[in-house]
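Just so you know, our numbering puts 551 at position 275 of the sequence shown, and the rest follows in order with no gaps.
None of these hints come from the bench; they were simulated from the model. One thing to keep in mind: the hints can contain errors.
[Unchecked claim] Straight-line Cα separation of at most 30 Å, BS3-like style, residue types lysine-lysine; simulated pairs:
1. K495 - K513
2. K513 - K318
3. K513 - K316
[To be verified] Ranges of calculated distance between the beta carbons of each label pair, as one might list FRET restraints:
4. R475 - A357: 44 to 52 Å
5. A535 - G304: 43 to 51 Å
6. R517 - A380: 20 to 28 Å
7. G489 - S407: 17 to 25 Å
Beta carbons: idealized from backbone N, C-alpha and C, even for Gly.
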Amino acid sequence: MNSPAPRLAFAGIGLMGLPMSHRLLDAGYSLRVWNRSGDKLKPLEERGALAVSRPAELCVDSDIVMLCLADTAAVREVVFAADGIVEGARPGQLLVDFSSLDPAATREMAAELERRGGMRWVDAPVSGGTSGAEAGSLAIMAGGVAEDIERIRPILAHIGQRLTRMGDVGAGQVTKACNQMIVACNALVIAEVIALAERSGVDAALIATALAGGFADSKPLQILAPQMAGNRFEPIKWHVRTLLKDLDTAVQISRQQGAATPMTGLAAQLMRLHGAQGHLHSDPATLVQMYREETP
277 MNSPAPRLAF AGIGLMGLPM SHRLLDAGYS LRVWNRSGDK LKPLEERGAL AVSRPAELCV
337 DSDIVMLCLA DTAAVREVVF AADGIVEGAR PGQLLVDFSS LDPAATREMA AELERRGGMR
397 WVDAPVSGGT SGAEAGSLAI MAGGVAEDIE RIRPILAHIG QRLTRMGDVG AGQVTKACNQ
457 MIVACNALVI AEVIALAERS GVDAALIATA LAGGFADSKP LQILAPQMAG NRFEPIKWHV
517 RTLLKDLDTA VQISRQQGAA TPMTGLAAQL MRLHGAQGHL HSDPATLVQM YREETP
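Using the sequences provided together with the hints, build the complete structure.
Structure below.
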């Protein structure tokens, strides 16, 4: 006899959370949803999702509560503030956090949530951007109890092509920081490449095509290079502020572990400079603008 499908809840209906929620509805799951800006819930409500007014209500009639929020502070508030998830949490429930957070803070919050509400935590940050969320092809790197991760594997198969357990709680966040180190450094070099090609009289729009299949090829190259060369900075698919936050996390982890990460440190400085020039909320494709400035 088949067991009933798990009942799901989702908090954080943003660039990533919205397409992920749509895919869960497509798969036939019941879904409770909450977002700070309630108007973003309407497309999901029209498809049968139940909007709630407080994060604590996500736990009502739900087996698994999922989060996709901006940063550590946002997750802490949604989980532990008045009317937060902890107020409705009960043993047997799981919290699955797709956000990119500080690993140490993740471990602390997981311990507190289990102590206060009996609810266990899986950190499951994702990589693949909005296109991956829409296609269900995200890479998911998870930290948590092995049986908890196996419990959510069939559900996460609808939003990701791969789910890998990296270790205990917090390990997923460390892995995501490693992912972002590669992505951000790659994006910055691609920006340099496009600007250099333009200055040298090369058709920068052909760079991605010319290098496809070679050692320099990558998904960021194929996505960002055409956007940079064509000045296509909208619609915004991800944010400079997100990469900066994750680079700062990576630098912090490296300091805690006594590891040398000079490339990441420089990438964080360059990303912060670009953000300070009014691009925190811009797409990282705008990084090319740093290298197009006329020299005095």
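Here's how the hints hold up against the structure:
1. For the suggested pair K495 and K513, the alpha carbons sit about 14 Å apart, so the restraint of at most 30 Å is met.
2. For the hint linking K513 to K318, the alpha-carbon distance of about 20 Å falls within 30 Å, and the restraint holds.
3. A distance of roughly 16 Å separates the Cα atoms of K513 and K316; the hinted pair therefore holds under the 30 Å criterion.
4. A hinted range of 44 to 52 Å for the beta carbons of R475 and A357 is consistent with their spacing of about 51 Å.
5. For A535 paired with G304, a C-beta distance near 44 Å keeps the hint of 43 to 51 Å intact.
6. Take R517 and A380: their Cβ atoms lie about 21 Å apart, and the range 20 to 28 Å holds.
7. At about 20 Å, the beta-carbon gap between G489 and S407 stays in the expected band of 17 to 25 Å.
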